Amino acid sequence: MSLHEWMLDGTLGLLVLILAVAVLHVRSLYISIVLFIAFGLLLALIWARLGAPDLALAEAAIGAGLTGTLLLAAYGRVSERRRKAEEPLDWHAGPALLLSLIIAVILMRAVWPLPDLDSALVPAVADQMAQSGVGHPVTAVLLSFRAWDTLLELLVLLLAFMAVRQLLPSLPRQPEAWPLLQAWSRLLAPLSVLIGGYLLWRGSADPGGAFQAGALLAAGAILLRLTGLLPALGWHHFWIRALILGGCMVFLAIGVAGYWLGTGFLGYADGWAGPLILLIEVFATLSIATTLTLLVIGETREVRE
Amino acid sequence: MAWLWLLIPLTPLLLVPILMRWPKLRSVVWLAPLPALPLAFMRPDTLVLPGLWPGAQLGIADGLSAILLLFTAALWLAAGLCAVSGHAKDPHARRFWVFWLLSMTGNLLLILAQDGASFYVGFTLMSLSAFGLVIHNGTTESRRAGRLYLQLAIVGELLLFMGLMLRVHEADGSMLLTAWQETPAGLPTLICLLIGFGLKAGFWPLHVWLPAAHPAAPAAASAVLSGAMIKAGIIGLWRFMPRGSGEEVMSLPASVAPWLLAIGLISAFYGVAVGLLQTRDKTALAYSSVSQMGYLLVLVALLLSQSVSVEALGLLLGFYVVHHGLAKGALFLGAGMAHEYRLSRVHWVLMALPAVALAGFPLTTGAVAKSLLKDQVGNSAFAAWEILFYVGSMATLLLVSRALWLIWRSQPGGPPATMPLPWKLGWGSLCLAAPVLPWLWPDLRVALLDTLSLYGLWGLMWPLLLGAVVIALVVRFNPQWHLERLARYQPGLVLSLRLRRWLQTRPVARDPMLPERPVRMPWAGWRNLERRWNRLGRDVVQVSAWVMALGLLWVLL
Amino acid sequence: MTAALIALLLPLFTALCLLLLRSRSGVLVIVTSLLTLLAAAWSLYDVTVNGPQWLELGDWPPPLAIRFQLQPITALLLVFSAMIHLLVAVYAAGSQHSKTRYTDFWPLSCLLQGSLNALWLSGDLFNWYVTLELLGLAAVALVALSGRKAYGPALNYLLLSLGASLVYLLGVALAYGRYGVLDISLLGAMTEADTTTRIAWWLMTLGLMLKAALWPFHLWLPRAHASAPTAVSALLSALVVKGPLFILWRLWSEGAPTELAVEAGPVLAVAGIAALILGGWSALRTPWLKSLVAYSTVAQLGYALMALGLLMYWQLPALDAALWLFVLAHGLAKASMFLAAGELQASLGSKRVSALRGTTETMPVAMFAFAVAGGSLIGLPPSGGFLAKWLLLEPMFETVNHWPWVVGILLGTLISAGYVFRVVALAFDRADPVPPDFSPDRFAHWLALLPALVVWGLALISEPLIHWLTGVPL
Amino acid sequence: MTQVLFYLILGVCLWALGLYGLLRLKESIRRIISVNIMGSGVFMVMVALAARSEDPDPVMHALVVTGLVVAISATAFALRLSVADVQEDDQ
Amino acid sequence: MIETATTWTNWVPLAIVLSSLLPGLFIFTLREDQVALRTTLNLIGAVLKLVLVGVMLWGVARGMEFRFALPFLPNGLLILKGDALSLQFVTLSAVLWLTTTLYAIGYLEGAPLRSRFFGYFSLCVSATAGLALAGNLVTFVLFYELLTLATFPLVVHRGTVEALRAGRIYLAYTLGGGTLALLGAVLLHTQGGSPAFVPGGYLPAAGEDSQLILTLAFGLLIAGFGVKAALFPLHGWLPTAMVAPAPVSALLHAVAVVKAGAFGIVRVVYDVYGVELMTAMDLAQPLLWLACFTILYGSVRALFQTDLKKRLAFSTVSQVSYVTLGVALLGPIGAVGGLVHLVHQGLMKVTLFYCAGNFAETLHIHKIREMDGVGKRMPLTMAAFTVGALGMIGVPPVAGFISKWYLGLGALEVGADWVLLVLVGSGLLNALYFLPILYRGWFAPPPARWAHDEKLGTGQPGLGETHWMLLWPALITASLALLVGILAGTDLSPLNWAQLTVNLEFDL
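Protein chains in written order, with this note's numbering: chain A, 1181 to 1485; chain B, 372 to 928; chain C, 16 to 489; chain D, 153 to 243; chain E, 221 to 728.
Hints should not be assumed to be uniformly reliable.
[As the list claims (entries may be wrong)] Calculated cross-link-like contacts (lysine to aspartate or glutamate; reagent style EDC-like; alpha-carbon spacing at most 16 angstroms):
1. B:K395 / B:D461
2. C:K164 / D:D237
3. D:K178 / B:D910
[Claimed, not checked] Simulated restraints, written as ranges between beta carbons of each label pair:
4. E:H672 / B:P415: 51 to 57 angstroms
5. A:E1185 / C:W296: 54 to 60 angstroms
6. E:H586 / B:R392: 31 to 37 angstroms
7. C:A204 / B:L928: 27 to 33 angstroms
8. C:W296 / A:W1440: 51 to 57 angstroms
9. A:L1458 / C:L331: 50 to 56 angstroms
If you are wondering where the hints come from, they were derived from the structure by calculation, not from laboratory data. The structure displayed is predicted, hence computed values, not measured ones. Glycine included, every Cβ here is placed at the ideal spot set by N, Cα and C.
Put together the whole structure using the sequences plus the hints.
Right, here's the structure in full:
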């Protein structure tokens, strides 16, 4: 590896490590959350550096953006007393440090021989790409080769949302409509819709896809909701429910249809792979967007019938 | 016809529930042993009862058993007659009659028994129910005597049980007494049987309970106890011991015979010595029984020495048992009567008859028994000891006369009262038996006629004369030796009392009333330890993370 | 295979419909779980008749696609989870005391069953990670149903389950890095015992042990199950805990090289014995009724861990029968015990064990259910537990030097007898019988008794069941 | 010491750091953050593995995306749970 | 599968077990006040069982085969078979169940929780019947454990603190024992499956490698069954379980539980190992010493008890070891003694417990020192007690004598003379602790007025001294004990039946 590459990787790696240690050890909770968001962005850089553009996008949107928002929202609701928590780490620093160091060394020993091996799946994906009906290999894996994982993943998201719905509704403090914020949101919202749509469309050929597009749309929607431009999105509205459940329902329906038609469960008829995947992607994006929005901004008090 | 034998044990046994139901039948109860008399003569063949315990056989096989059955039945009859009048007004009469009938059943059953098991059943039934007779009076003295009697009876039972086991094993499974008499016996068997039956017979070393029990029992009971029951011990020894069938002499029993002879003689003289010291008439009579049992033990010794013909010895045993039984029964009944009524002169004459017979006066059953005994000893291996028997009869005379004197002294004052008829009948018949019996009984008559020879008469008379001289001296000088204190020491009773106290006071069970001693809470310490351990595990996530890290470390190293 | 697929997809589909219609009626769920049970039974029949089957999802070639495997044991587990889910659904609908009435219990439990069926069927390492996550989240959501007092334990459970999943994921990553294949049966052929594989397998094992609350990592289970509603704790103890155990078993019996398995066997077996003894000891000591039953789960899992450990250590496939017969018997017995304990606790109004004084008079049927289920846990003949213990004991007596394991089982039995009869003996105490607050719910008590009787009824079909389990080639 | 190995080691270090955080942190939000760090550690290992062949391994990338979505949903649920747990009962 | 040729004889053993199980289960559902229905059910069950046992007795005498088999474990069937040995025990339990039911109905008149009591009572008896008829080791262990479960609620029936404490101790012992027996059974199962019991023992000759395993299995089984047979170190539960109501301690300690252990040891020694293997591996010697030690230990401990039922309990501890002693002698006569004592001890001990129950129930007598003059107030009960006590001491003609007689002979036959000393010693000790009771009962002066006189019957001595249901069972079993002793030779007596069994065992 040439020197300048070493320089870049070295700095990035060092920076990530320092940030992580800082996140754990800094006294105030707010500062640790901010540092964590920075840590997320740096990670996105590293994914890009390692040649994973999809991941970089997803990490930035979901890892840094949404997680950061969630953390700040949680921080907002935590009472004053707990914010200035006394010493965050308790006394037994020495043994914990020693222990984790030793474990790290052991794992390094395990990881050592891995780089010069290779995976049997890469050539398999390559020669199957033709029938996958999609240009971009990651989307092909996501939506056709291992479609079952993606379906389950959507279910996980849905389940998380249902679980959050069960908890006592947390009342978000009504944010005062800060005029500059309103202006920004009016500007950014259409932009995010545009980019989300573009990402969704390009997903079949280049990096992009349902999850990244969904995250962006969610960001836009959250911005509008926080500035009061969007009405409260209650679970009792049918269209909200349809949107959230649509992703899984469509995916499941197409899978079963595939099995019924004889091309195997979650298998697409040879001609129809492309459009079907696109259909699934659209519904998945919408469902992810709505779910993430509702996850972040929470629910108004919903009448428990 | 063999089932007739069942009548003998069953009549008294069936009378018990009948008596419980209709107490008024008490006056008829003395007839219970009646069926034994005709059956002793008819002698139907032996009854085999497979239904009962294995090998059960009842019946009379030889002459001796017939004699014994007749004598026992007669004695129970006479004593029963006296008991009816004696216990007419007794509040606990029903309990007395129940035990009376049970011991009678046991006694009759063991005579009829032809196999070890039936003998043992009869023997146990008799000895355990006799306990009821001993403590019938309810006084502390009778209760103590009863306890001693029972303790020793139980020990005797168990040793007998062991002896029986060994005997059956040696006779490899057969239960018949006839079979046992042929098979040789090992030393442990002999010892067990001797001690087992000895405790019942009551000769010298094992007599401890006899002087305490007999005086405590009511008159009729002690008559039967002394007369019939202690004979069971000797009968048992006679039937269980192996006897050489003439040609080959069994080594072991022969070696034991001299020891037995010695014990018999010691018992004879010891009985007389201690008897003379007694101040109570019944105790003196009891000691006289101890000495007489010594003589019977001599007989058994002769049997074991196999130096004498078994039939003759059997006959002699029969005579001796009958003689002693009737005489001792009469004396005890007489003593009992003397405590209630003042006896008239005729009664004293009647009383003198059995006493004299005991001493071996000519023309009485005693003479026959004594002389036959001396002849047998003469021509057996122990001829050298014959002289002692003469001294023995002299000693017996002394003891009997002392007993008579004590009875006379214990009479209440006032004019001689008339005795109730049943008492007179029962007691009279027993007293008259001594002189009259030889004439009724052919074998006895033949033996009596032998004793009338000059040499025989002299043999009988010189000890009596010597005895009479000694009595005359004593009456004349009336020496005050104050040896009564010696007599009162009864080792057996002391031991029995100490055992009872040890048994009852030992278990000082914790009385629930006592406050439970405050148990220091041993597990208080543990409880705190446990609380600390629980507090440690409260923060689940951290602890699990630590466990995970440690797991990784340990596993991956 | 279609029947298995139906059994898998039906609960998912019902969950989605329930959410869409926002309906909270239990009837729909009971009907669908009945249908799932029938489908599972049909798949069981199908697999016994014409042997194991495979289904590549999307008809892609093997290394690439996720492959559904239908083995006889998988079919049995499908039937087992359907049965337990049906029972709990009927209880939740029928019982007065069930606190799951005004919550999303129904869709969540359907999702739970769907994820469990996905777990039984799949054979792909990463797919297992996703199903485990789904299972974990559903379980935590269900625990959190019973209100504020359950949030603490639920949070702990969630954090630990996330941590464990990440440990497992690292193991999967290393395994994939080393062999480049994710399917367990393909891996089985390629693995050889080197450091990376050993570390990967142990990472996966530790992660799964924490998710299955096996002995050293069991601390979260008692608090979570005690605070969950009755129906939920029955589901959790009987089913959720068994999922990771199934993956552990597939990993070590199929995936791992033999030297690694033989080396790892004793460690797991010893952990099993420790679970039996220490779990039993905590069950003996805890004052709360539901945590007693939860600790008993930790203890009884010791048997399964021991069976697994010895299975690997002696390379003896016969022990599979013992392992899965135990899972079956424990599931049924624990469901009945938790339902009975829940009913007793709800009627008496107090969480403590000492409140059970005199319940043989006040609530005989519930107490009888508890005792009968306890009998099977102890392994009293002729219950299902006894059969499992018998199969577990038999290979131990091949040679005499296996005696420490026998002593372990002996101690386990005695301690389990200890904590079961601690409750039963108390129930016979008539010092001052605590009258229940309101009339006990007859239907729920008899329902609690049903699985206990089923587990004791196993004796009637014991021989064909054991032949089927042992005779079956894996 | 290729780039892949460097990032593999970095990923392992991050994972260990996350575990270290779990060992020591008491407060629930911080624990959730340390779990996220641990997750990102694993993802780094996977992405590094993907980068071994010249055109990166799409399966790994798909798995990481799935992992990310699972992580975000779990974190959301955990955060809301921790907030509900500590929230004073003002309602 | 179940044997195809299912004639009626195959269903009789199952019918015997069910004859008490079904009424029991139904009684559970009865309300407290349905006394008539419950009593009829109980009595029907008892009589039916007696009839069935009679039919089986008649059948076995004719040489018919009574065998019911159910597949349970791989090569370990559930077999219920009526052979000579099992019939002896099942007859005893059938007869004594009838009398004890009668007694219990009288004893618990007006007491609470009777449905529950009689339910578990019937379960306990069906477990005993199953245990008696068990055809192989697996079935035996199964019913052995069920017996523990059925008897525990009976021990804790009163629900007081002491009852629970006794119950817990009882469970600790019996469950431990059950587990040990189970381990032993599994150990043997691995050696060659669990075939049916065969009179000569079904284990193969001991090769040198299987020597250790067979000894270990023997140790486990004897320890397992020793708990219920109250062998020395494992007898702790028996005295503490005396806190149970009288019918329970009567049925448990005279018939069901204690005999189950002894019967187990008999089965293991004769039908699993067989005499040749036992002598070859010299396993009987330690068992013999343990039995003798228990006999003496039990009697000595009984000596120092002041509570009547505790003394009877310790006497049971020593008496049951006679059976073990008889079996450990390995001689035919000793075996007859052991087996017949199994029945005799049952009859005598049940009588003693009935009488103790009567005293407790009528005059509230629990301590021995309170028994002064009881004979006056309750002569018939005291008479029954006397018969039982004399039988225990071994006084002829009561049943105890017969068994001691055969045990003595058996000991001599095998050459173990010192055993005779033990028998005599224990007889002496029995006398030492039973005779004072008899003495107090009959001869001690009664108190002026009895502190508590329940006047259950007419209150007058004789047939009305206490409730007829309490008195008649005691009289029946006492007379049975007497008859069995006297008519020991007849072919219907247990002695003859034991002889028949032993002839099969030793194929004489």
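To see whether the hints hold, each was checked on the structure:
| no. | hint | in the structure |
| --- | --- | --- |
| 1 | B:K395 / B:D461 | 13 angstroms, holds |
| 2 | C:K164 / D:D237 | 8 angstroms, holds |
| 3 | D:K178 / B:D910 | 9 angstroms, holds |
| 4 | E:H672 / B:P415: 51 to 57 angstroms | 56 angstroms, holds |
| 5 | A:E1185 / C:W296: 54 to 60 angstroms | 59 angstroms, holds |
| 6 | E:H586 / B:R392: 31 to 37 angstroms | 33 angstroms, holds |
| 7 | C:A204 / B:L928: 27 to 33 angstroms | 29 angstroms, holds |
| 8 | C:W296 / A:W1440: 51 to 57 angstroms | 55 angstroms, holds |
| 9 | A:L1458 / C:L331: 50 to 56 angstroms | 53 angstroms, holds |
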